[in-house]
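Colleague: Residue-level listing of the chains:
2 protein chains.
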Amino acid sequence: MTPRFAARMARVEPNAIGELLALGADPAIISFGGGYPDPTLFPAEELEAVFSEIIRAPGGLAMQYAPSDGLPRLREQVASLMTADGTPCGAEDVLILQGSQQGLDFAAKMMVNPGDVIVTEDPTFLGARIAFDPSEPAYAAIPMDAEGMRMDILEEVLRETPHARMVYTIPEFQNPTGVTLSVERRRRLIELANAHDLIVLEDTPYRQIRFEGSHLPTLKSMDTEGRVIHLGSFSKVLVPGLRVGWAVASRPLLDKLKLLKVAADTQTSTLNMAAASLFLDRYDLSEHVAKLRAAYRRKKDVMLDAMRRHFPQEVSATDPDGGLFTWATFPDGFDATAFMRDVALPEARVAYVPGGSFFPVTERPNFARFNYSAQSEARIEEGIAALGAALKAHA
Amino acid sequence: MTPRFAARMARVEPNAIGELLALGADPAIISFGGGYPDPTLFPAEELEAVFSEIIRAPGGLAMQYAPSDGLPRLREQVASLMTADGTPCGAEDVLILQGSQQGLDFAAKMMVNPGDVIVTEDPTFLGARIAFDPSEPAYAAIPMDAEGMRMDILEEVLRETPHARMVYTIPEFQNPTGVTLSVERRRRLIELANAHDLIVLEDTPYRQIRFEGSHLPTLKSMDTEGRVIHLGSFSKVLVPGLRVGWAVASRPLLDKLKLLKVAADTQTSTLNMAAASLFLDRYDLSEHVAKLRAAYRRKKDVMLDAMRRHFPQEVSATDPDGGLFTWATFPDGFDATAFMRDVALPEARVAYVPGGSFFPVTERPNFARFNYSAQSEARIEEGIAALGAALKAHA
Numbered sequence: 001m002t003p004r005f006a007a008r009m010a011r012v013e014p015n016a017i018g019e020l021l022a023l024g025a026d027p028a029i030i031s032f033g034g035g036y037p038d039p040t041l042f043p044a045e046e047l048e049a050v051f052s053e054i055i056r057a058p059g060g061l062a063m064q065y066a067p068s069d070g071l072p073r074l075r076e077q078v079a080s081l082m083t084a085d086g087t088p089c090g091a092e093d094v095l096i097l098q099g100s101q102q103g104l105d106f107a108a109k110m111m112v113n114p115g116d117v118i119v120t121e122d123p124t125f126l127g128a129r130i131a132f133d134p135s136e137p138a139y140a141a142i143p144m145d146a147e148g149m150r151m152d153i154l155e156e157v158l159r160e161t162p163h164a165r166m167v168y169t170i171p172e173f174q175n176p177t178g179v180t181l182s183v184e185r186r187r188r189l190i191e192l193a194n195a196h197d198l199i200v201l202e203d204t205p206y207r208q209i210r211f212e213g214s215h216l217p218t219l220k221s222m223d224t225e226g227r228v229i230h231l232g233s234f235s236k237v238l239v240p241g242l243r244v245g246w247a248v249a250s251r252p253l254l255d256k257l258k259l260l261k262v263a264a265d266t267q268t269s270t271l272n273m274a275a276a277s278l279f280l281d282r283y284d285l286s287e288h289v290a291k292l293r294a295a296y297r298r299k300k301d302v303m304l305d306a307m308r309r310h311f312p313q314e315v316s317a318t319d320p321d322g323g324l325f326t327w328a329t330f331p332d333g334f335d336a337t338a339f340m341r342d343v344a345l346p347e348a349r350v351a352y353v354p355g356g357s358f359f360p361v362t363e364r365p366n367f368a369r370f371n372y373s374a375q376s377e378a379r380i381e382e383g384i385a386a387l388g389a390a391l392k393a394h395a
Numbered sequence: 001m002t003p004r005f006a007a008r009m010a011r012v013e014p015n016a017i018g019e020l021l022a023l024g025a026d027p028a029i030i031s032f033g034g035g036y037p038d039p040t041l042f043p044a045e046e047l048e049a050v051f052s053e054i055i056r057a058p059g060g061l062a063m064q065y066a067p068s069d070g071l072p073r074l075r076e077q078v079a080s081l082m083t084a085d086g087t088p089c090g091a092e093d094v095l096i097l098q099g100s101q102q103g104l105d106f107a108a109k110m111m112v113n114p115g116d117v118i119v120t121e122d123p124t125f126l127g128a129r130i131a132f133d134p135s136e137p138a139y140a141a142i143p144m145d146a147e148g149m150r151m152d153i154l155e156e157v158l159r160e161t162p163h164a165r166m167v168y169t170i171p172e173f174q175n176p177t178g179v180t181l182s183v184e185r186r187r188r189l190i191e192l193a194n195a196h197d198l199i200v201l202e203d204t205p206y207r208q209i210r211f212e213g214s215h216l217p218t219l220k221s222m223d224t225e226g227r228v229i230h231l232g233s234f235s236k237v238l239v240p241g242l243r244v245g246w247a248v249a250s251r252p253l254l255d256k257l258k259l260l261k262v263a264a265d266t267q268t269s270t271l272n273m274a275a276a277s278l279f280l281d282r283y284d285l286s287e288h289v290a291k292l293r294a295a296y297r298r299k300k301d302v303m304l305d306a307m308r309r310h311f312p313q314e315v316s317a318t319d320p321d322g323g324l325f326t327w328a329t330f331p332d333g334f335d336a337t338a339f340m341r342d343v344a345l346p347e348a349r350v351a352y353v354p355g356g357s358f359f360p361v362t363e364r365p366n367f368a369r370f371n372y373s374a375q376s377e378a379r380i381e382e383g384i385a386a387l388g389a390a391l392k393a394h395a
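These protein sequences, in sequence, are chains A and B. Each residue of the first sequence is one higher than the last, beginning at 1 in this note's numbering. Each residue of the second sequence is one higher than the last, beginning at 1 in this note's numbering.
Hints were generated in silico from the structure; no laboratory data involved. Careful, some of the hints might be misleading.
Which copy is meant is left open, so a pair is good if it fits within one copy or across any two.
Unchecked claim - In silico SDA-like cross-links for lysine to any residue, where the CA-CA straight-line distance does not exceed 20 angstroms: (1) Lys291 / His215; (2) Lys258 / His394; (3) Lys392 / Ser80; (4) Lys258 / Leu126.
Model the full structure from these sequences, guided by the hints.
Modeller: Rendered as structure tokens:
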């Protein structure tokens, strides 16, 4: 192993992920830990019909090799979805990826040399840092409020950070906080990116899962200089097991992303691209998404209502307009990791994600991420009640 | 874009690949160009049943997220296949990949710093170079004869190449030559790797497609110091559209490969892993592979027989013991690229892969790779006859 590689890899924290997956798998624990969609809402019958049809189709094309940038029909369909969502683009602007996670890896490889600074929200998605870390970036983490990343602080930080290369953001229902970036701040972010020669990496896995209000314009739709790499995914609106996501970017960036795709894995699974494509042809995705929105909204309401009734008054939680997560703030001095290990898991039999690992620069112990999509409404009530009792008993 | 990235990417040659895919798609051309398996041999009925069963299974697990290193049951099954094939290992030694192509990318990322030398066969698989190139290696290409890579020349080259890090080999029915590495040379390769502190990257996509003779031991099974990264794939024995491959390696290497998997794309498609796994449970893979072997052997015989009858006497071609390719040698002064562009495509309506791009260091113009798996026996006869007539007319 090269010494440089060892240094790169030492920065990756796989255990956090592994432990969470392990927790989610223990049926005796009510886990609010993962970011899993509700499997009872998977369109199983439709997918069964779709796989059957693509496998039976004459010529076996869905089982064969396919172009590296994705099946042409699926790229068209993604472009139509994006256009209908207010981000006009064509098939030639779309690259199909192995989940949007692959876009995080590619963006860092493309834009970041060792020591370059990636700017993120504070806190931010752990999986993004895992994808970025092998490129050996430094991080600047920008505090958030109810309107998302604070642009006044970003402006200050950029003034003092000549090596800033890329701003990573989840504008809607952010992971882990559930917060949405306001329209004014989106505008300001684009201005700052233009002024400081930055790439904006826009990650939108939860965008369609909106409970109320109308869709805000994507950063890509506001992009005046071809600086935004937009990432989307079918993981939350269809099923994660497909691993089909996409990037939309300006031609020079997309051309380079395509080269990285050829080098990385040749292509995304033909079967899965063909299945996503035929699903979009045969069924009404927006109708399916409307069902998801209603169900997740009810679950979010059940969780927040249960937190209000069962948690000590000094614990607060965000009320997201969509997505899968709420972010709880505990009093100063509370250690969410220790409490989970010592009390929540052994006594309450409940798991959440302690917030520490979401902070790229300075960990803060008194936060936790709660997922409400994976558990039934009854289990949400039961788990939050048990956790609330444990919090009160040990406060 | 960083200047360093631009330099890296400039070395990648996507057009060669893109053009070949385009040729394979034109039905008016008889293409011996791609490396496609025969779609009429795909186990479509079985895969339809398998997808149906995994999608219907209660809990929706096949559609949900899965562990990064792969579904545990599939890792067990791959370990059993490897063990039965003479390479004893357990599930804990197996990492599931997005096709074995992903293993090529990871191995280079893990082992190669800019300027380090990757040793390959001369010629070698173009897709491997595309995966390696972003790591900015230098190449040393070792001539082959009927027993594969020449170990006497490798020994000489290693003596003069202190920065050699990794030897990449396709030991069985090599792409593009169809040649198999002899047992004696396998032993010698392991000795040289031990003596020179090298990693051996063993790529075995065609291993199961053997027409005659018995399986030779894998390099991994001869590995005395944990230096071999073995890559396998279901692309040729099931279907390429699944994109399911694997790595088997010693624990320290496998642990690092697992970290790269989490960073690169989180996981291979759950649906495709579950489908491969259930196929192995429900059906007899070796029976299916026996059918493939018989069919591809017939096609190989048809192609070589047609070449003997139709090609000018001074053109020779390898007679592989398995796999998908034969490698033709034309007289000195013949330019296979110019002939394809000026004669083979416009007049004979036949495509092959001009050999030049398979040579990592010094291109040689008078070679071509012919694939016999994708076309029917009748089209093989027709295409080789047309090409032979064109060769004779323009000689």
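Colleague: State for each hint whether it applies.
Modeller: Cross-check of the supplied hints:
no.	hint	verdict
1	Lys291 / His215	within (17 angstroms within a copy, 54 angstroms between copies)
2	Lys258 / His394	neither (53 angstroms within a copy, 39 angstroms between copies)
3	Lys392 / Ser80	neither (51 angstroms within a copy, 51 angstroms between copies)
4	Lys258 / Leu126	between (25 angstroms within a copy, 17 angstroms between copies)
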